[in-house]
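K.L.:
What follows is each chain in one-letter form.
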Amino acid sequence: DAGITQSPRHKVTETGTPVTLRCHQTENHRYMYWYRQDPGHGLRLIHYSYGVKDTDKGEVSDGYSVSRSKTEDFLLTLESATSSQTSVYFCAAAGRQNTEAFFGQGTRLTVV
Amino acid sequence: GESVGLHLPTLSVQEGDNSIINCAYSNSASDYFIWYKQESGKGPQFIIDIRSNMDKRQGQRVTVLLNKTVKHLSLQIAATQPGDSAVYFCAEPAGGSNYKLTFGKGTLLTVNP
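In the order they appear, the protein sequences are chains A and B.
Residue 1 is where the first sequence starts when you use my numbering, and the numbers rise one by one after that.
Residue 1001 is where the second sequence starts when you use my numbering, and the numbers rise one by one after that.
Chain A with its partners taken away, still in its complex shape (with noise of 0.2 Å):
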């Protein structure tokens, strides 16, 4: 995993709770990224980040928001929690152009 943490590994909320995962990485990276995983929808770019505080959007970012405040972290909020949120949630890194992302071990979040 190239020293990317996620944490939690799992979680069960409920339906209009906010819930924030962690991403944390240790190799000093660039480039972070959020994404979704469902079955038959490969991996989905929710957010990413290019430096602290140089975030946009992915493919699927309503209802999620990001924060990077310092290199080693990138946070992914839910502010409210639906069903159609549940999912597996990998973080990534990279640490330049042209090389390749590190991912994280995945977060299984189920909205009950």
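If you're looking for bench data, these hints aren't it; they were derived computationally from the structure.
A quick note: this is a predicted structure, and the numbers were derived from the prediction, not measured.
Hints may be right or wrong, so weigh each one.
Straight-line C-alpha distance at most 20 Å; calculated EDC-like pairs for lysine to aspartate or glutamate [claimed, not checked]:
| no. | chain 1 | residue 1 | chain 2 | residue 2 |
| --- | --- | --- | --- | --- |
| 1 | A | K70 | A | D56 |
| 2 | B | K1105 | A | E59 |
| 3 | A | K53 | A | E72 |
| 4 | A | K70 | A | E27 |
| 5 | A | K57 | A | E27 |
| 6 | B | K1071 | B | E1039 |
| 7 | A | K57 | A | D38 |
| 8 | B | K1068 | B | D1049 |
| 9 | B | K1100 | B | E1039 |
| 10 | B | K1100 | A | E72 |
| 11 | A | K53 | A | E14 |
| 12 | B | K1100 | A | D54 |
| 13 | B | K1100 | A | D56 |
| 14 | A | K57 | A | D73 |
| 15 | B | K1100 | A | D62 |
| 16 | A | K11 | A | D38 |
| 17 | B | K1068 | B | D1031 |
| 18 | B | K1100 | A | D73 |
| 19 | B | K1105 | B | E1039 |
| 20 | B | K1071 | B | D1084 |
| 21 | B | K1071 | B | D1031 |
| 22 | B | K1105 | B | D1049 |
| 23 | B | K1100 | A | E59 |
| 24 | B | K1042 | A | D38 |
| 25 | B | K1105 | A | D38 |
Add chain B to chain A, keeping to what the hints say.
P.N.:
For chain B alone, kept in the frame of chain A given last:
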């Protein structure tokens, strides 16, 4: 839990055969491509990459071919083993300083002993 492989393109091969997994990309200006392997319950792991100034790159038992004319990538796995069973994704970073990284839907490879 439900498999992430459901409804994905699938490829089933016999152990020892060669496997070819295909990927189409959309941006003719893309200059770098990556292949990842994802085993059940794990995060994707890097396999091999290729830059647009190359047509072919070889790794250990894997070869990636790039056809820029038709915007097509393929991953060839030689002498496929049961441990190669996984979902395989190609990734195409978008150009520009933001380094937006998006993935194809993936292909589920099943190796039969």
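K.L.:
For every hint, state whether the structure bears it out.
P.N.:
Now for the hints, and whether the structure bears them out:
With a C-alpha separation of about 16 Å, the suggested pairing of A:K70 with A:D56 holds against the 20 Å cut-off. Proximity of B:K1105 to A:E59 is assessed by CA-CA distance (about 13 Å); at most 20 Å being required, the pair is judged to hold. Pair hint A:K53 plus A:E72 holds up; C-alpha atoms about 12 Å apart against a cutoff of 20 Å. Proximity of A:K70 to A:E27 is assessed by CA-CA distance (about 13 Å); at most 20 Å being required, the pair is judged to hold.
A C-alpha spacing of about 23 Å is found between A:K57 and A:E27, which places the hinted pair above 20 Å, so the restraint is violated. For the hint linking B:K1071 to B:E1039, the alpha-carbon distance of about 27 Å lies beyond 20 Å, and the restraint is violated. With a CA separation close to 19 Å, the supplied pair A:K57 and A:D38 stays within the 20 Å bound. Pair hint B:K1068 plus B:D1049 holds up; C-alpha atoms about 15 Å apart against a cutoff of 20 Å.
For the hint linking B:K1100 to B:E1039, the alpha-carbon distance of about 24 Å lies beyond 20 Å, and the restraint is violated. Between the alpha carbons of B:K1100 and A:E72 the distance comes to roughly 18 Å, so the proposed pair stays at or under 20 Å and holds. Restraint check for A:K53 and A:E14: not satisfied, since their Cα atoms lie roughly 29 Å apart, outside the 20 Å limit. Taking the CA atoms of B:K1100 and A:D54, the gap is about 12 Å. The hint holds against a cut of 20 Å.
In summary, the hint linking B:K1100 to A:D56 is supported, as the alpha carbons are separated by about 9 Å, within the 20 Å threshold. Taking the CA atoms of A:K57 and A:D73, the gap is about 17 Å. The hint holds against a cut of 20 Å. Pair hint B:K1100 plus A:D62 holds up; C-alpha atoms about 17 Å apart against a cutoff of 20 Å. As the CA atoms of A:K11 and A:D38 are separated by approximately 16 Å, the hinted pair is consistent with the 20 Å bound.
For a cut-off of 20 Å, the pair hint linking B:K1068 to B:D1031 stands: about 10 Å separates their Cα positions. A hinted pair counts as satisfied when its Cα atoms are at most 20 Å apart, and B:K1100 with A:D73 qualifies at roughly 18 Å. Annotation: proposed proximity of B:K1105 to B:E1039 holds, straight-line Cα distance about 15 Å (limit 20 Å). Distance restraint check for B:K1071 and B:D1084: the Cα-Cα separation of roughly 25 Å exceeds the 20 Å cut-off, and the hinted pair is therefore not satisfied.
Of the pairs offered as hints, the one joining B:K1071 and B:D1031 holds, with about 11 Å between alpha carbons and a cut-off of 20 Å not exceeded. Between B:K1105 and B:D1049 the CA atoms are separated by roughly 18 Å; this keeps the pair inside 20 Å, and the hint holds. For the hint pairing B:K1100 with A:E59, the CA-to-CA distance comes to about 11 Å; that is within 20 Å, so the pair holds. This hinted pair checks out: B:K1042 and A:D38 have alpha carbons roughly 14 Å apart, not beyond 20 Å.
For the suggested pair B:K1105 and A:D38, the alpha carbons sit about 10 Å apart, so the restraint of at most 20 Å is met.
When each numbered hint is compared with the structure, violations occur for hints 5, 6, 9, 11 and 20.
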